[in-house]
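> These are the residues of each chain, in order.
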Amino acid sequence: MKTSLADLPVGQPAEIASIDCERRISRRLMEMGLLPGTHVRVVRVAPLGDPIELRVRNYSLSLRRAEAAQIAVSPEETV
Amino acid sequence: MSSGASPPQVLIAGNPNCGKSTLFNALSGGSAHVGNYPGVTVDRTSARVRLSAQDIELVDVPGMYSLTAGSPEEQLAVNALIEGDTRAVICVVEATTLQRGLYLALQLVESGVPVVVALNMMDSAERLGLRIDTERLSQLFGSPVIPVVATKRRGMDALLAALEKQLGPVSGAPQPNVAYPPELEADVAKLVPVIAQWRPGTAPRQLRAVAHWCFLSLGEDSLRDVPDTVRQAVHDIREAANAQGRNLDLEIVSSRYAWIDDAVGQVCSVQDPQPPWSERIDRVLTHPIAGLAVFAVVMFGIFEALFAGAEPLIAAIERFTGFMQAQAAAILPPGVLQDLVVEGIIAGVGNVIVFAPQILMLFLFIGFLEDSGYLARVAFGIDRVMKGVGLHGKAFVPLLSGFACAVPAVMATRTIERRRDRLVTMLALPLMSCSARLPIYILVVGTVFAGQSVGWFSAGAVALFSMYTLSVLVTLTAAAVIRRTVLPGPAPTFVLEMPPYRWPSAQILWLNAWRRLRIFLVDAGTIILAMTILLWALLSFPKSADVTEHYAAERVRVEQMGAPEAEKEVLLRAIDSHEAADQLGNSFGGRFGHAIEPAIRPIGFDWQIGVGIIGAFAAREVFISTLGVVFGIGEADEENKPLRQALQDARHADGTPVMTPLSGISLMIFFLLACQCMSTLAVVRRESGSWKWPVFLFTYMTVLAYTASFAVYQGGQLLGFG
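Here the protein sequences come in this chain order: A and B.
According to our numbering, the residues represented by the first sequence are 1 to 79, in order.
According to our numbering, the residues represented by the second sequence are 1001 to 1722, in order.
So here's chain B without its partners, still in its complex pose:
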């Protein structure tokens, strides 16, 4: 793209749930580019749109109720709107919540940027008997007001024509004049010279708008780039006003609403146009019993889809990865290059795309819940429970998804509005027992509890149930602790709009899920691929020439034996397995396993399990295949009899068995609590925007896992178990 002639930038702003993204997609034809704003994790969705005489770059800004900002993330949207390269703003206002939408539009007009108001969902407003005189509203606003129906692409031509006019020479139409109280005007007059120093060359009208913005936004904020002179002036003026019993916030906001109420009174009949069926649906869906039943069914549906529904697709991707590995192995000569391609690159790409089915499914589900309006009801119903541990009601769906896989679940925290609340949720949810932990539980249970029972139940079932219960308790506790220590601050507030129920558009659901997936593949995927290759190298190098020579001699010996071919084949395969085991033991990873043995001995593990844990970092289920190699068994899965046998036969140097019920429990608890998953770390890196949080996540979970396993193993031994 040539940067010299970049097209003028036009932003689409509006309240949450006003149909802003639908309009964006209708105008852009779905061909959007999703990027990231520098420094913060706010997606920047943009598309090039052709007008009659020129191209524009259309940017979708996150939904907002006002330009007031308290955090850098909010500030970013505001900055994009009222300064920089923005040439015009399309402000989407939902016709049925006219006043609230016009509050944002009025702020935009006051700030001096050319505005086109897209009055959306005019069809449903009219069905509800609401008539709006858009011509009169345009006059009052000094900006064009265009009725549109974004879902049906109605009014798009008129909207673009009005936009093109606004991009041209300034019209000089009379601007709305909000009657602020004289005391406030005096305060603004005091602040304006300070702001003029901060932003020389700003037009007087805009200076006033910035003054209003400063009065509303500053104080207890975490905004960057506001000079101390402005902060001090705002602070002094506010103190003086408070001393007189005035409230600047109230004065500004109520003056604006007074203007809006007057304008709305002139253009439409004021009434409450609530769709009657929406209220009827709510009577069922928020009913104590019926609502809970629907809630349980919906959540179970999501859970089942992620757990079981995605399974065939995941298996197909794994088969395809295996097939590609076999192809590569057949084409490339044996050696380091073949290993790099097969075990590093193809396995790494496989490790990335294997998440695609669950990410797509979860985002289709969440998109449906969110766009239909049901997600707000879920948060409404469950907030009481989440509040207790310092989480937002909207944290429930991501937490539940954590049972299936932390990677899409971390991405799902996007529905939570405040960054701090989002971080607490994404730092706690990897403790939910995800589906990749299950094979490990099954292997351990099959190894140490085979055929045993506790009362009426099998010991394995009791162990599994305990792990899942423990994981929920630990997750909620961790959230509460993180909220009080690492991310202190006010408990999440719950001021949530309950939008009317709507039937979501399949096209938009699909577009959004696809965009999320693409972000994951590109941003988190590259990290996962790099880490897979790194782990492969750690477990493959250095190659010991002695080991190679030794087994080469062994192979020759077998070849020369007079035994039948079938028997030779078995022996040769055993030699391959043993060679792989010895090479692994000699690799950096293997040496590391030996080195950490003194540290993991007190929690009941030996060096072989240590190597397995290192390998499991690629993905928890790799633990089992790594153990298969360590024990010289070759390919293995959790039902593998020889692997179970090998684990049962494994002995410490003093002759005691490695795997006892006690060390088995210790191992399961370790896997439950440890962050043995680089993909989770990669996606937390992507969603938090910094390496600080994945490092913290890994550290706290590893310390927690070690401490818990230590307590269980040592405590158990003291009590005479194991």
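Bound conformation, chain A alone:
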């Protein structure tokens, strides 16, 4: 079941399925290591609801909901 990164509940591990932001941003995210198959987790949401903070490839990255909504993810089973 696919969902978008913006709709992923905080703490839920997921795997990136595709990145469909505008090319400039997609390219940047890919070069920072966000690729199809990469594991990702939403760590927290900013106090005013936007942006969100992710944990990916051993570092923390924040991006706005508008971009996160264009990243499709498949949630992983939590053990």
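It is worth saying that the hints were derived from the structure and are not from the lab.
Glycine is no exception: its CB is placed at the ideal position from the N, C-alpha and C atoms.
Take the hints with a grain of salt, since some may be wrong.
Stated by the list, open to error - Covered stretches of chain B (in silico footprint by chain A; criterion: 3 or more residues with CB under 8 Å from a CB of chain A, positions within the stretch not fixed):
{"hint": "1", "region": "1088-1101"}
{"hint": "2", "region": "1213-1223"}
{"hint": "3", "region": "1280-1292"}
{"hint": "4", "region": "1488-1494"}
{"hint": "5", "region": "1589-1598"}
Given chain A, work out where chain B should sit, using these hints.
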């Protein structure tokens, strides 16, 4: 320096927050030279470093995640790295974010430049249980990988030894071989001949690297110097690939990461080595309530330091300037030379160094916020608000600093990554009501609202509060408008790394603040000094012989009076003041004030205020001392009773008072909105790299100020006020 035998150039590259600058300082011993790349506002920090057999020039390149470029600024760093005189690159990779750092290192190796990988922060990685087999990694990379701890200067000797080896004959070690998909290899093969025409003589391996770079960088870019043949070829190949449902960007990047993931899998145990305390700190600092409280305290601290903390230092500099002026006046004979030295040169130097305390303080603060990792959290927390007006979350600290002084605030926009976002911020923030506007509000309020009240509050307090509120609203509106009109383009994207919290090094904070200050003193300072001298000349020349003669006769008359000495002294001082007022009225500036009177009459000002406004261009607070001279009072400050009296007594030709509550409000609004500050213009010139932006800034703010004052004064009169 002899240019014939310039030492080989070695660059230090790496991701943002990887400790690159720390390593640079550790290797250079802090003796760096900060220059500017031609044409763009990117600082070029370099230092000469001694190896065992030779010297090298070590250059610190701005932090980057990849060699892909979309703007001339990014291209510049890339060009510096892979072509020109660069003999080798030290690529700093943070051990805890190994894969992302190796992505940049891999691109560098592919481009053919000799690379030494400095694997930084090995100590914290090991504390987190992360073991990295650097020997195996060196083999895989075909380049030396040296573990270092830049903050403790560990591994420096090994790093320099490896570098010296890389500067020697080519080693011939096997290079990493990324497995790109066959379709992509076919596309590269199509592009390579086009690139070979653009860059004849390039080695085949490098041609492939340039082809990859072109595929990733070209399209929707603003790069210079790429020939149309290459652009067209890239465009055609990409269209064909897209038609087959392929994505070239994804193919290139994911092939590289596949190689990296495989390599990293061979050299270390993959896990998430996040320092546990960093996450714990974040739970507090990004908490809706606790986080907001800390945020408020920190911002208030900065604000208080810039506003009140810098005050004694500023006062000391002003006293020192005054002392030097008095010394010069005592040594030099009265005349034009004395005036030039006292009112032009020393005052001008004073006008420059008076900014030093605030610049140093703001950059120490911002350096601390940035290096500790907190600035990213501030941007994270406030981005929602800034996004609404088209600003980046990182614009918040510069905007807030604008309340104290626009000059350091404009310099602080450097923390914002994209040039366009930086420009919008530096063009809007001079509308924040800076501390130099306050004395003018106080003078006007004391003149026109003395003793009045609005409900429970004094009229002055209401006026001051309104000015500050208005300034915030106008600043945010201006940012939104500039973003939509003058600097259109995509809203700032917010893809920001949240680095783990670290304790910043005091030495590096100090070095960076000092370098910023030095750039200001040299680059903006010369402009400010020149403009101070120009303004002095405008307000001093031509000297009227008639006025001099008239007052000389007056002095003689007083000297010959039979009055007591004390009384004579008072009269003589009054003559001095009146002479200064008449000479000022006769000067170019004074004539200009008369000339613009028809234009400023509709906003409630007369020629004397006009002269004050001209003088205020040197610095807003000069408005008051200029008015003091115009009204023949001599030395004056905002609490000055005679000046207030003179303003209250001033009459237009038709006998109506100049200063009414309405014209007072008009004057305050004019000063709030007008760019009456050459230092701001000078620093915008420095930071934007062109005169175009300060000219635009001055024009739009002056038009805005005039229109607003006009609307308030004329509207107020229509409604029966004033």
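> Taking each numbered hint in turn, which are not upheld by the structure, reported in ascending numerical order?
5
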